[in-house]
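All residue numbers for the sequence shown refer to UniProt numbering, where the first residue is 1 and numbers rise by one.
There's no promise every hint is true.
What the hints assert, rightly or not - Lysine-lysine pairs mimicking DSSO-like chemistry, simulated, CA-CA at most 27 Å apart:
| no. | residue 1 | residue 2 |
| --- | --- | --- |
| 1 | Lys381 | Lys400 |
| 2 | Lys326 | Lys262 |
| 3 | Lys400 | Lys294 |
| 4 | Lys381 | Lys326 |
| 5 | Lys326 | Lys284 |
| 6 | Lys294 | Lys262 |
| 7 | Lys381 | Lys207 |
| 8 | Lys309 | Lys294 |
| 9 | Lys400 | Lys284 |
| 10 | Lys251 | Lys207 |
| 11 | Lys96 | Lys207 |
| 12 | Lys400 | Lys251 |
| 13 | Lys96 | Lys262 |
| 14 | Lys400 | Lys326 |
| 15 | Lys284 | Lys251 |
| 16 | Lys534 | Lys400 |
| 17 | Lys536 | Lys493 |
| 18 | Lys400 | Lys248 |
| 19 | Lys96 | Lys248 |
| 20 | Lys381 | Lys251 |
| 21 | Lys309 | Lys400 |
| 22 | Lys294 | Lys284 |
| 23 | Lys309 | Lys381 |
| 24 | Lys251 | Lys309 |
| 25 | Lys248 | Lys207 |
| 26 | Lys248 | Lys262 |
| 27 | Lys326 | Lys248 |
Stated by the list, open to error - Label-pair ranges, simulated between beta-carbon atoms:
| no. | residue 1 | residue 2 | range |
| --- | --- | --- | --- |
| 28 | Thr176 | Gly221 | 56 to 62 Å |
| 29 | Gly535 | Lys326 | 52 to 58 Å |
| 30 | Lys326 | Val439 | 41 to 47 Å |
| 31 | Leu329 | Pro414 | 14 to 20 Å |
Think of the hints as simulated: they come from the structure by calculation, not from any bench.
By construction, the Cβ of each residue, glycine as well, lies at the ideal position given by its N, Cα and C atoms.
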Amino acid sequence: MAESIIFKPTNGSQSVIEPDSNGVISINESGSIIGTAYITPTVPLSDLTQATTGTISITNNAVVTAIIWNVGEASGSTATVTVSDGASLTLDNSDKIATGSTVVVGNGGTLLLDGVSSNVPGQIQFSGGNGTIEVGAGTNLTIIQYITNISVNDTIVLDGTVADGVTYKDGVYTLTDNGQPIQGTASFQLPAANEGSTFTVTNVDGKTYLNATTVVCFLAGSMIRTSEGDVAVEDIQIGDQVVTFDWKNNKDITRPVVWVGKAHAVVRAGLPDDEAGYPVRILKDAIADGVPYKDMLITAEHCLFFDGKFVPVRMLVNGVSIFYDKSILSYDYYHVETAQHSVITADGMLTESYLDTGNRASFRQEGKVATLRGAVRNWTKDAGAPLCVDRAFVEPLFYKLEARENSVTGCHVPVEQAVMVTDSNLHLVTQAGAIIRPVRQDGQRYSFMLPAHTQSVRIVSRASRPADVIGPFVDDRRQMGVAVADVHFITAKNLHTITAHLQAEKPEGWHDTDWTDCAWTNGNAVLPMGDFTKGKMGLLSMTIRAAGPYLLHEADQKAQVFSA
Numbered sequence: 001m002a003e004s005i006i007f008k009p010t011n012g013s014q015s016v017i018e019p020d021s022n023g024v025i026s027i028n029e030s031g032s033i034i035g036t037a038y039i040t041p042t043v044p045l046s047d048l049t050q051a052t053t054g055t056i057s058i059t060n061n062a063v064v065t066a067i068i069w070n071v072g073e074a075s076g077s078t079a080t081v082t083v084s085d086g087a088s089l090t091l092d093n094s095d096k097i098a099t100g101s102t103v104v105v106g107n108g109g110t111l112l113l114d115g116v117s118s119n120v121p122g123q124i125q126f127s128g129g130n131g132t133i134e135v136g137a138g139t140n141l142t143i144i145q146y147i148t149n150i151s152v153n154d155t156i157v158l159d160g161t162v163a164d165g166v167t168y169k170d171g172v173y174t175l176t177d178n179g180q181p182i183q184g185t186a187s188f189q190l191p192a193a194n195e196g197s198t199f200t201v202t203n204v205d206g207k208t209y210l211n212a213t214t215v216v217c218f219l220a221g222s223m224i225r226t227s228e229g230d231v232a233v234e235d236i237q238i239g240d241q242v243v244t245f246d247w248k249n250n251k252d253i254t255r256p257v258v259w260v261g262k263a264h265a266v267v268r269a270g271l272p273d274d275e276a277g278y279p280v281r282i283l284k285d286a287i288a289d290g291v292p293y294k295d296m297l298i299t300a301e302h303c304l305f306f307d308g309k310f311v312p313v314r315m316l317v318n319g320v321s322i323f324y325d326k327s328i329l330s331y332d333y334y335h336v337e338t339a340q341h342s343v344i345t346a347d348g349m350l351t352e353s354y355l356d357t358g359n360r361a362s363f364r365q366e367g368k369v370a371t372l373r374g375a376v377r378n379w380t381k382d383a384g385a386p387l388c389v390d391r392a393f394v395e396p397l398f399y400k401l402e403a404r405e406n407s408v409t410g411c412h413v414p415v416e417q418a419v420m421v422t423d424s425n426l427h428l429v430t431q432a433g434a435i436i437r438p439v440r441q442d443g444q445r446y447s448f449m450l451p452a453h454t455q456s457v458r459i460v461s462r463a464s465r466p467a468d469v470i471g472p473f474v475d476d477r478r479q480m481g482v483a484v485a486d487v488h489f490i491t492a493k494n495l496h497t498i499t500a501h502l503q504a505e506k507p508e509g510w511h512d513t514d515w516t517d518c519a520w521t522n523g524n525a526v527l528p529m530g531d532f533t534k535g536k537m538g539l540l541s542m543t544i545r546a547a548g549p550y551l552l553h554e555a556d557q558k559a560q561v562f563s564a
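Kindly generate the complete structure, drawing on both the sequences and the hints.
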């Protein structure tokens with residue numbers, strides 16, 4: 001073993017880094033770890049059989065790649081590697097993490113697992129929130145089951161895996177596409193410390209982002225109504241009496257606060273606004289005259305109370321009087337829990353108290369010590385009012401609030417105007433990466449010439465979320481490409497019908513529709529060709545039942561200008 005490493009800076013000469021006076025090997029510049037240093041009487045040599053032990057810290061935005069590096073050794077001499085403060089570390093299949101040793105992803109750190117294996121819980125862990133672990137394409141996804149200490153604002157990124165959801169049952173998480181388990185190694189089991197957690201699942205540029213569940217909270221300065229008057233949420237203490245609204249009997253009652261929590265969020269720009277973590281600002285008077293009585297700042301999933309129902313505020317964002325405040329890139333947020341999930345008042349607006357759906361461990365306890373709580377709760381059995389995401393209820397409410405624009409001071413003026421297009425830019429991509437454009441279009445029918453031995457194609461198009469192109473009052477945040485009905489492969493002698501996309505278990509990239517003879521793509525969907533193309537070229541013909549409109553992103557807008 002050796003408490004030292006050989007390090008080759010990106011712009012510099014190879015050298016040995018030994019522990020400082022605190023016993024820490026510190027790396028604060030970009031470069032490569034080239035194994036462990038074995039010190040001879042005269043010169044340091046790289047010894048690929050040796051393991052680095054002790055404490056290694058990678059910080060200061062350093063981008064580090066490890067080459068044939070043994071982290072700790074199985075005999076008991078361990079190592080702890082911490083990556084934080086904007087730094088990143090890549091471990092590939094030449095690297096090993098010994099039993100008892102750990103790689104810790106701290107605040108702002110990124111760890112890329114590019115083929116490295118692990119089979120011991122705790123070898124790879126988060127610490128402090130706002131960390132990222134990226135699992136490279138081709139790496140066995142079962143490595144996720146050994147990642148621990150996941151908390152809110154930690155992210156796991158899966159390269160080359162497209163999913164739109166995740167299910168949880170008996171401790172096992174399964175990535176899904178349109179509710180169907182994704183074939184292959186997409187099931188994973190987190191250790192006991194993380195079981196019961198939930199995740200948001202987002203697809204961006206062919207990668208799946210698993211974020212610890214989006215929180216439902218108040219930002220600092222929110223004024224909570226108590227029996228002693230309105231109190232800032234950050235000053236609420238366990239035992240305080242909060243005024244709750246018994247909407248079934250139309251009266252106020254007081255309930256004690258049983259738990260308060262605090263955590264910190266950092267916005268992840270580049271994701272959709274509702275998933276990036278931007279807080280929602282509800283301007284004074286946006287709901288009604290004097291409601292709220294000052295600007296209200298809450299997270300996107302936090303619910304407001306209307307006519308006996310809780311509605312997530314993200315579904316009411318109109319960009320004018322209710323909008324994502326993009327000037328706030330990091331913030332503290334707070335939970336206030338009553339013994340029962342309740343309708344409470346914040347800033348003069350009826351809203352919700354905290355409902356523990358499994359993310360309590362992500363928060364730091366504020367104030368007095370609380371009694372241990374029981375099992376996690378859910379919206380169906382434990383909510384203080386029904387959760388409503390029904391368009392029939394939310395859409396009229398959305399337009400009613402939007403129409404109050406002239407009654408609200410300081411309305412937001414969006415800088416960017418959304419551009420919509422109907423052109424799907426439909427094309428195919430073969431397994432070899434070749435792009436195939438339609439040779440013919442006749443109404444809804446598109447035809448593509450496929451070369452022989454094409455085992456599968458990807459149906460690629462523009463894609464947008466209904467919540468973006470129709471309105472946030474539509475609770476559908478799936479990426480929708482084109483709706484594909486019948487598909488045929490035509491050769492000189494035969495016509496073959498392809499129905500893989502219509503089966504209950506669909507290939508990657510497909511969503512169900514209300515039609516039984518049609519399925520939506522997510523903008524990049526696999527269509528297996530089976531044996532139909534063995535030794536035969538032919539025409540792939542498909543009917544596109546529906547497509548678009550699409551939200552044109554900035555890069556697409558520039559491309560259109562250049563091609564005009």
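Each hint, compared with the structure:
Using a Cα cut-off of 27 Å, the hinted pair Lys381 and Lys400 is violated, with the two alpha carbons roughly 30 Å apart. In summary, the hint linking Lys326 to Lys262 is supported, as the alpha carbons are separated by about 21 Å, within the 27 Å threshold. Taking the CA atoms of Lys400 and Lys294, the gap is near 20 Å; set against the 27 Å cutoff, the hint holds. A distance of roughly 35 Å separates the Cα atoms of Lys381 and Lys326; the hinted pair therefore is violated under the 27 Å criterion.
Proximity of Lys326 to Lys284 is assessed by CA-CA distance (about 18 Å); at most 27 Å being required, the pair is judged to hold. A C-alpha spacing of about 22 Å is found between Lys294 and Lys262, which places the hinted pair at or below 27 Å, so the restraint holds. For the proposed pair Lys381 and Lys207, the alpha carbon gap of about 34 Å is over 27 Å, so the pair is violated. Among the hinted pairs, Lys309 with Lys294 is consistent with the structure: their alpha-carbon atoms are about 23 Å apart, no more than 27 Å.
A C-alpha spacing of about 16 Å is found between Lys400 and Lys284, which places the hinted pair at or below 27 Å, so the restraint holds. Between Lys251 and Lys207 the alpha-carbon distance is near 49 Å, which puts this suggested pair outside the 27 Å criterion. Using a Cα cut-off of 27 Å, the hinted pair Lys96 and Lys207 holds, with the two alpha carbons roughly 25 Å apart. Of the supplied pair hints, the one linking Lys400 and Lys251 holds, its CA atoms being roughly 26 Å apart against a limit of 27 Å.
The hinted pair formed by Lys96 and Lys262 fails the criterion: a straight-line CA distance of about 37 Å is larger than 27 Å. Under the criterion of a C-alpha separation no larger than 27 Å, the hint pairing Lys400 with Lys326 is consistent with the structure, at around 24 Å. A distance of roughly 25 Å separates the Cα atoms of Lys284 and Lys251; the hinted pair therefore holds under the 27 Å criterion. Straight-line distance between C-alpha atoms of Lys534 and Lys400 comes to about 59 Å, which puts the hinted pair past the 27 Å bound.
For the suggested pair Lys536 and Lys493, the alpha carbons sit about 10 Å apart, so the restraint of at most 27 Å is met. For the hint linking Lys400 to Lys248, the alpha-carbon distance of about 24 Å falls within 27 Å, and the restraint holds. About 60 Å separates the Cα atoms of Lys96 and Lys248, which puts this hinted pair outside 27 Å; it is violated. Between Lys381 and Lys251 the alpha-carbon distance is near 22 Å, which keeps this suggested pair within the 27 Å criterion.
This hinted pair checks out: Lys309 and Lys400 have alpha carbons roughly 16 Å apart, not beyond 27 Å. Taking the CA atoms of Lys294 and Lys284, the gap is near 4 Å; set against the 27 Å cutoff, the hint holds. With a C-alpha separation of about 15 Å, the suggested pair Lys309 and Lys381 falls inside the 27 Å cut-off, and the hint holds. Note on Lys251 and Lys309: the hinted pairing holds, with a Cα-Cα distance of about 16 Å set against a maximum of 27 Å.
Straight-line distance between C-alpha atoms of Lys248 and Lys207 comes to about 45 Å, which puts the hinted pair past the 27 Å bound. Distance check on the hinted pair: Lys248 and Lys262 sit about 31 Å apart at the alpha-carbon level, beyond 27 Å; violated. For a cut-off of 27 Å, the pair hint linking Lys326 to Lys248 is broken: about 37 Å separates their Cα positions. The beta-carbon spacing between Thr176 and Gly221, approximately 38 Å, falls outside the hinted interval of 56 to 62 Å.
The given range of 52 to 58 Å is respected by Gly535 and Lys326, whose C-beta atoms sit roughly 56 Å from each other. A hinted range of 41 to 47 Å holds for the C-beta pair Lys326 and Val439, which are about 44 Å apart. At roughly 18 Å, the beta-carbon separation of Leu329 and Pro414 lies within the given 14 to 20 Å, and the hint holds.
Comparing the model with each earlier hint shows violations of hints 1, 4, 7, 10, 13, 16, 19, 25, 26, 27 and 28; every other hint is respected.
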